[in-house]
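These are the residues of each chain, in order.
There are 2 protein chains.
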Amino acid sequence: MSTAAPRTAGPDHLWTVDEHLDDILSTVRPLEPIELNLLDAQGCVLVEDITVPVSLPPFDNSSMDGYAVRVADVAGASEAYPAALEVVGDVAAGQSELLHVGPGQAARIMTGAPLPPGAETVVPVEWTDGGLGEGPVTGMRARSLAPEAAGGQVLVYRPAGAGAHVRAQGSDVKAGDRALEAGTVLGPPQISLLAAIGRGTVRVRPRPRVVVMSTGSELVQPDEELRPGQIYDSNSYALTAAARDAGAIAYRVGAVADDADTLRDAIEDQLVRADLMVTTGGVSVGAYDVVKEALSYAGDEDEPGSGVEFRRLAMQPGKPQGFGSIGPDHTPLLALPGNPVSSYVSFELFVRPAIRTLMGLPDVHRPRTRATLTADEPLTSPKGRRQFLRGRYADGKVTPVGGAGSHLVAALARANALIVVPEDTESVAPGTDVEVVLLG
Amino acid sequence: MSTAAPRTAGPDHLWTVDEHLDDILSTVRPLEPIELNLLDAQGCVLVEDITVPVSLPPFDNSSMDGYAVRVADVAGASEAYPAALEVVGDVAAGQSELLHVGPGQAARIMTGAPLPPGAETVVPVEWTDGGLGEGPVTGMRARSLAPEAAGGQVLVYRPAGAGAHVRAQGSDVKAGDRALEAGTVLGPPQISLLAAIGRGTVRVRPRPRVVVMSTGSELVQPDEELRPGQIYDSNSYALTAAARDAGAIAYRVGAVADDADTLRDAIEDQLVRADLMVTTGGVSVGAYDVVKEALSYAGDEDEPGSGVEFRRLAMQPGKPQGFGSIGPDHTPLLALPGNPVSSYVSFELFVRPAIRTLMGLPDVHRPRTRATLTADEPLTSPKGRRQFLRGRYADGKVTPVGGAGSHLVAALARANALIVVPEDTESVAPGTDVEVVLLG
Chain A
1 MSTAAPRTAG PDHLWTVDEH LDDILSTVRP LEPIELNLLD AQGCVLVEDI TVPVSLPPFD
61 NSSMDGYAVR VADVAGASEA YPAALEVVGD VAAGQSELLH VGPGQAARIM TGAPLPPGAE
121 TVVPVEWTDG GLGEGPVTGM RARSLAPEAA GGQVLVYRPA GAGAHVRAQG SDVKAGDRAL
181 EAGTVLGPPQ ISLLAAIGRG TVRVRPRPRV VVMSTGSELV QPDEELRPGQ IYDSNSYALT
241 AAARDAGAIA YRVGAVADDA DTLRDAIEDQ LVRADLMVTT GGVSVGAYDV VKEALSYAGD
301 EDEPGSGVEF RRLAMQPGKP QGFGSIGPDH TPLLALPGNP VSSYVSFELF VRPAIRTLMG
361 LPDVHRPRTR ATLTADEPLT SPKGRRQFLR GRYADGKVTP VGGAGSHLVA ALARANALIV
421 VPEDTESVAP GTDVEVVLLG
Chain B
1 MSTAAPRTAG PDHLWTVDEH LDDILSTVRP LEPIELNLLD AQGCVLVEDI TVPVSLPPFD
61 NSSMDGYAVR VADVAGASEA YPAALEVVGD VAAGQSELLH VGPGQAARIM TGAPLPPGAE
121 TVVPVEWTDG GLGEGPVTGM RARSLAPEAA GGQVLVYRPA GAGAHVRAQG SDVKAGDRAL
181 EAGTVLGPPQ ISLLAAIGRG TVRVRPRPRV VVMSTGSELV QPDEELRPGQ IYDSNSYALT
241 AAARDAGAIA YRVGAVADDA DTLRDAIEDQ LVRADLMVTT GGVSVGAYDV VKEALSYAGD
301 EDEPGSGVEF RRLAMQPGKP QGFGSIGPDH TPLLALPGNP VSSYVSFELF VRPAIRTLMG
361 LPDVHRPRTR ATLTADEPLT SPKGRRQFLR GRYADGKVTP VGGAGSHLVA ALARANALIV
421 VPEDTESVAP GTDVEVVLLG
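As you go down the protein sequences, you meet chains A and B in turn.
Oh and the first sequence: position 180 is 180 in the UniProt record's numbering, straight run, nothing missing.
Oh and the second sequence: position 152 is 152 in the UniProt record's numbering, straight run, nothing missing.
In case anyone wonders, no lab produced these hints; they're calculated from the structure.
We put the beta carbon where it would ideally sit given N, CA and C, even for glycine.
Hints may contain errors.
Cut-off 16 angstroms, straight-line C-alpha distance, at most; resulting in silico cross-link-like pairs (EDC-like, lysine to aspartate or glutamate) [as the list claims (entries may be wrong)]:
#1 B/319 x A/126
#2 A/383 x A/423
#3 B/397 x B/376
#4 B/397 x B/423
#5 A/319 x A/309
#6 A/319 x B/126
To give an idea of the chain A side of the interface with chain B (calculated C-beta under 7 angstroms), a few residues [what the hints assert, rightly or not]:
#7 38
#8 92
#9 111
#10 114
#11 117
#12 200
#13 227
Stretch-level coverage of chain B by chain A, calculated; a stretch enters the list once three of its residues show a Cβ under 8 angstroms from a Cβ in chain A [stated by the list, open to error]:
#14 34 to 45
#15 94 to 100
#16 184 to 191
#17 195 to 204
#18 221 to 232
#19 240 to 252
#20 322 to 328
Could you put together the complete structure from these sequences and hints?
Right, here's the structure in full:
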């Protein structure tokens with residue numbers, strides 16, 4: 001990827017997609033780590049190396065329901081010549097006061113229960129008569145129904161070597177081992193390990209709080225009545241959903257009217273709960289592009305790195321874009337164009353990587369692949385602009401859905417991929433191998 | 001997949017993995033649909049066909065910032081011979097009272113604004129002098145800074161054909177079109193479309209509420225002190241995280257002691273918020289296996305389909321399993337074994353598909369693929385049992401991590417796949433092509 005163009009590139013610089021992305025990714029920093037409860041840390045990135053404080057299992061324990069015995073007492077046992085042992089009691093999981101198993105004795109033991117002193121091995125209950133004297137059994141009767149089975153005599157029909165059906169202390173992990181390394185993303189199996197070694201909280205980068213705000217005096221909320229000249233606000237819904245999908249905690253702010261003061265107030269109100277601000281609309285060259293107008297005041301000129309820059313990208317859709325930071329904490333802000341398809345494509349290419357960078361994730365981009373273009377006619381693309389067409393990908397092939405128009409939100413809803421047409425390509429014939437961004 | 005074994009198969013029947021799964025999937029039914037707000041429906045399955053109530057765009061509108069004009073007035077325009085037109089005012093997005101554009105006139109128009117009566121086309125502002133009289137411009141000055149630009153004269157330097165830079169009414173979708181079909185999973189682009197056509201709520205199958213309960217008197221919670229014979233409860237954390245990952249709203253209930261009455265009370269308490277109950281532990285052949293004991297009472301024998309059946313599966317890990325329904329609503333319950341790896345593997349194979357069936361999702365299973373086994377020595381597997389070994393998959397190859405022991409939770413945390421060894425295979429040589437379940 002190329003180096004970001006200097007921020008002083010000037011208003012006439014036409015930014016490449018990569019320059020804009022590099023500028024964002026070299027500016028946005030991972031969030032400061034915090035200590036979170038284990039289940040609140042799901043999907044987050046660990047920032048500490050985790051060392052095992054206590055060996056797992058913490059003690060030798062039985063891997064079967066059966067009888068804890070001495071090896072010598074069952075050495076020659078068979079169905080014809082079973083070993084008869086005195087049952088001295090039960091050892092259940094969680095029991096701390098243990099019986100002692102002497103010569104000629106057995107303790108009935110449950111899966112996970114500590115191997116009692118004196119015992120050297122475990123014979124599964126299926127290798128015994130379960131104390132009933134009627135040949136091999138398939139299980140034990142419940143303690144509550146047959147308390148007498150914790151005593152009496154048991155016949156053992158098969159021998160067992162030392163340590164058989166015993167999980168040795170530390171055979172899973174040993175105290176001092178590295179359990180997980182900093183940088184690990186915490187999914188269910190990692191959460192399982194952390195809980196197993198007794199960690200109730202962990203230090204991770206939190207999910208970023210993303211505020212999504214659409215702008216435009218023409219926007220009304222779904223389920224309201226549409227008057228002449230109005231359209232429904234879809235961007236705030238789509239991008240809030242997309243931000244969550246990327247891993248963020250997202251707050252949707254309904255459409256804000258095209259008035260610079262109103263917008264500035266709305267943004268300043270929201271800053272307190274934002275690690276990242278995303279706006280849609282008002283970034284182009286029109287006389288009512290209030291995001292551009294409002295944010296040109298929001299930067300403090302005495303603070304380096306503050307302020308939002310509006311630029312033109314060599315890209316379709318998504319030519320007008322804004323990026324910078326606002327407010328006392330230099331909260332990053334991405335100002336996307338207002339067309340639903342433009343804003344969605346811009347989100348996928350720029351906002352999603354920014355969110356995942358804030359999370360400290362190792363891989364911030366959507367996966368890409370190559371696919372064979374399936375189409376009735378060649379795709380056309382404007383020279384000098386990188387085009388992202390909506391497509392449907394399956395089995396190594398991709399088919400465009402809808403046209404190039406940035407308002408074709410119905411086609412977007414059928415797409416699962418973006419077809420990338422490079423800047424220097426004006427026509428792509430069917431059958432050509434093309435780059436595809438998989439929207440997952 | 002084979003047909004489920006009859007529920008009356010008897011206690012000695014050794015169930016195959018497929019028989020058990022078929023029994024679960026043929027019993028669990030998708031949840032009843034409810035009407036949800038759009039963003040609450042993210043990830044859910046639509047149960048209604050959605051028809052477009054109003055065409056998109058709802059009116060002809062400009063795709064550029066520029067000037068709305070008549071075609072004839074700019075027909076011969078060039079930089080040498082520009083067309084000079086009278087600017088009659090601004091048309092901004094959201095404006096409902098429109099100017100009329102007569103011969104020799106132009107209205108300054110913003111992206112998304114309705115094409116005013118009389119105008120036939122739009123010339124982008126970059127093709128004009130923007131009213132400044134100094135050649136082509138790159139944009140408009142903000143209305144608030146230069147209100148006079150809504151009047152005066154504009155020079156147009158290029159012609160534009162009828163309908164150029166105009167998005168025609170209904171060019172995206174037309175009223176009466178099918179927007180989305182029942183069965184669609186609602187991701188960000190589908191939410192975008194629904195909002196765009198004015199749908200604030202939709203009818204979907206809700207996310208199932210899953211209660212996860214671990215059992216065992218040996219279990220203590222992470223961050224508490226471990227006394228002799230005790231281990232940390234990891235299953236309730238791991239499976240709560242896994243249930244969320246599968247799409248559920250998951251409630252973790254801390255470990256319940258091995259006492260049938262206590263457990264029965266705990267389950268009955270939780271039923272009110274459960275669409276699915278998952279327990280771990282207490283399902284084997286021991287004398288303290290209280291899940292088995294408690295749930296043998298919970299079914300109402302007068303109600304067909306009520307009650308939980310405990311069975312042995314031809315599977316490693318995960319041999320003992322319970323499945324059935326409990327309570328007045330016949331809430332499905334899966335009782336998993338207590339070893340952390342056994343319970344996690346059982347979750348992936350049986351609970352995750354059950355959750356996704358409750359959601360009505362089209363694809364309930366983890367993806368599977370084939371991979372070449374990379375290992376130092378052959379894998380061994382017990383005859384007659386389908387083994388699921390933890391492995392690390394990448395680029396068509398899979399390497400086992402840890403051993404076959406069901407307590408190896410440290411290895412599980414490094415795995416991203418399960419290696420499937422069929423029932424009739426006892427040894428798998430390195431280099432063999434094996435089936436792999438991708439844990440995503």
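Taking the hints in turn, this is what the structure says about them:
no.: 1; hint: B/319 x A/126; verdict: holds, 14 angstroms
no.: 2; hint: A/383 x A/423; verdict: holds, 6 angstroms
no.: 3; hint: B/397 x B/376; verdict: holds, 14 angstroms
no.: 4; hint: B/397 x B/423; verdict: violated, 22 angstroms
no.: 5; hint: A/319 x A/309; verdict: holds, 14 angstroms
no.: 6; hint: A/319 x B/126; verdict: holds, 14 angstroms
no.: 7; hint: 38; verdict: holds, 6 angstroms
no.: 8; hint: 92; verdict: holds, 5 angstroms
no.: 9; hint: 111; verdict: holds, 6 angstroms
no.: 10; hint: 114; verdict: holds, 5 angstroms
no.: 11; hint: 117; verdict: violated, 12 angstroms
no.: 12; hint: 200; verdict: holds, 3 angstroms
no.: 13; hint: 227; verdict: holds, 6 angstroms
no.: 14; hint: 34 to 45; verdict: holds (count 3)
no.: 15; hint: 94 to 100; verdict: holds (count 4)
no.: 16; hint: 184 to 191; verdict: holds (count 5)
no.: 17; hint: 195 to 204; verdict: holds (count 7)
no.: 18; hint: 221 to 232; verdict: holds (count 11)
no.: 19; hint: 240 to 252; verdict: holds (count 6)
no.: 20; hint: 322 to 328; verdict: violated (count 0)
Of the numbered hints given earlier, the model fails hints 4, 11 and 20; all others are met.
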